[in-house]
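The task is simple: from the sequences and hints, build the whole structure.
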Amino acid sequence: MNTIVYILLAAGLVFFGGTTLAAFYWAAKTGQFRNLEDGSKSIFDGDEPVGTATDAFADKKADRPLRRGATALQS
Amino acid sequence: MSATTAHPSTVTPEMEKAQRAIIDQSTRIPVVLFYASAVFWLLVGSLFALLASFKMNAPTFLDQWGWLTFGRVRPAHLNAVAYGWAASAGIGTALWLMARLCRTPLRHSKLLIGAAIFWNIGILLGILGILSGDGRSIEWLEFPNYASFMLFVAFGLIAVWAVIMFRFRQPGHVYVSQWYLLAAFIWFPWLYSTANLLLNFEPIQGGAQGAVNWWYGHNALGLWFTPIGLAAAYYLIPKVLGRPIHSYYLSILGFWSLALFYSWNGMHHLIGGPFPAWLVSASVVASVMMFIPVITTAINHHMTVRGNFNALKWSPTLRFTVFGAMCYTLSSVQGIFMAVPSLNKITHFTHYTVGHAHLGLYAFFTMIMFGAMYYIMPRIVGWEWPSARLIRWHFWLVAIGIGVMVGALTMGGILQGLALLDPGITFMASLDYTKPWLLLRSGSGILLTAGHIVFAVSFTLLLLKAGTRREGPTLFGTDQGRKPEPLVP
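Sequences listed follow chains A and H, in order. Take the first sequence: its position 72, counted from the start at 1, is 446 in this note's numbering, and no numbers get skipped. Take the second sequence: its position 342, counted from the start at 1, is 397 in this note's numbering, and no numbers get skipped.
Since the hints were made in silico from the structure, they are not lab data. If a hint is listed, it holds; no wrong ones were tucked in.
FRET-style restraints, in silico, Cβ to Cβ:
1. A:385 to H:337: 17 to 25 Å
2. A:387 to H:120: 43 to 51 Å
3. H:117 to A:385: 42 to 50 Å
By construction, the Cβ of each residue, glycine as well, lies at the ideal position given by its N, Cα and C atoms.
Dropping the structure here:
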């Protein structure tokens, strides 16, 4: 039983250490560390662009009804 | 693959809005399941917390029943809030974030519903096990085997789901939050299973158990809760303000340096213990190196909000999240100093450590989870928070509550630590120094519990779609007829 546990642990170490290194290598190779300015903007959309508060406390936006995505679906 | 490939010119803002609504809707059932169970366990955990705290003031309180003695109520509190509340809220937030960041509707929700069922049965069994005397005296792993196995199954299902989601994501940039989430999802089942194997199923010998215990205990904070909390902050702060992260470069550096250093930190819990000196020293060095990820995150969050701090007056999400992000810096810097052996000599084995734990898991993680829930729930349920007043009460009760608690435990802990180091003071006398501070802690616990009840009421009203349909979001102050100020771009 003990041997199985130690084999499992060693395999876990190699696997999880390995995947972390592989993820880092993959990120570098596929250009995840390039164009960081664009990367930081990847969470914004055409209808929720940079400069628009999505909790809608910027004045004019608050007047537009049903701004939220979820409520828009139901209307 | 660049960020632009996700936005061909044919995609209109209306299409993007509809797509986002579909993605949000697809996460509804699993996220609401995890959130609702989180709120339930938060109330259960608060009750155990109050009981444990009152027993510090009056040790004979409710001691006629074995299942309500301190040795059982205290781990019941820890596990109910750590796994029941914090982890459930974290999983709910992480599921929603994964779907949004992968830009794809949530797939295989049955996997997640199954996970939620295993998860809740596991926690129920675990807490009943602890109360009935089945618990183990291993901090953070008190759950008996039959409960921890259920949790492992749930973690495993979620990890498999996360890998599938990532596989089917829209091409493009992998945002920093997603790195944090993947790290949490993939590493945690491994940490949890390894620690359980080595401590509960096939226990290793003697002192080495302490090393495994704290390797797990600290990694649960550092590689599970911290990444989820930071992932939420790195998404919500820029998204609410409509302003990209101040320095994206620093955020990436922060993630990879956290991955490199945090896993070494656990051994600083064993300073002065019967362990090889190199083991503890390496951990102390890694703890100090945590300055890098902590400072990068602190700079980023502060500089992103800078100029728009008045937005905290209006946005519930932002107010909770920024409070949490500030406390991340505070608790991390505090933790780094606590790992320095000369200071650790005073704080070790005192209430100071308890204060630090609450600063991390409550003031940082829990507050960010509240902020995330205020943002996510209306978007997936299609109904706004029914009352800004309830949110305001919630914020001030818990903000003041946690402030008083951390302050009281810090003061009490320092006095206790200095008294313990003084050979002229007896052990019993050293406890006297803590008494007034522990009373204050019980008071703060009542404030926190009241805040949780207010939040639970607010959450239930939202689920029931109480009140009239609101057009815009529920913001602080709008119920008093004030009009929010516009943002500074």
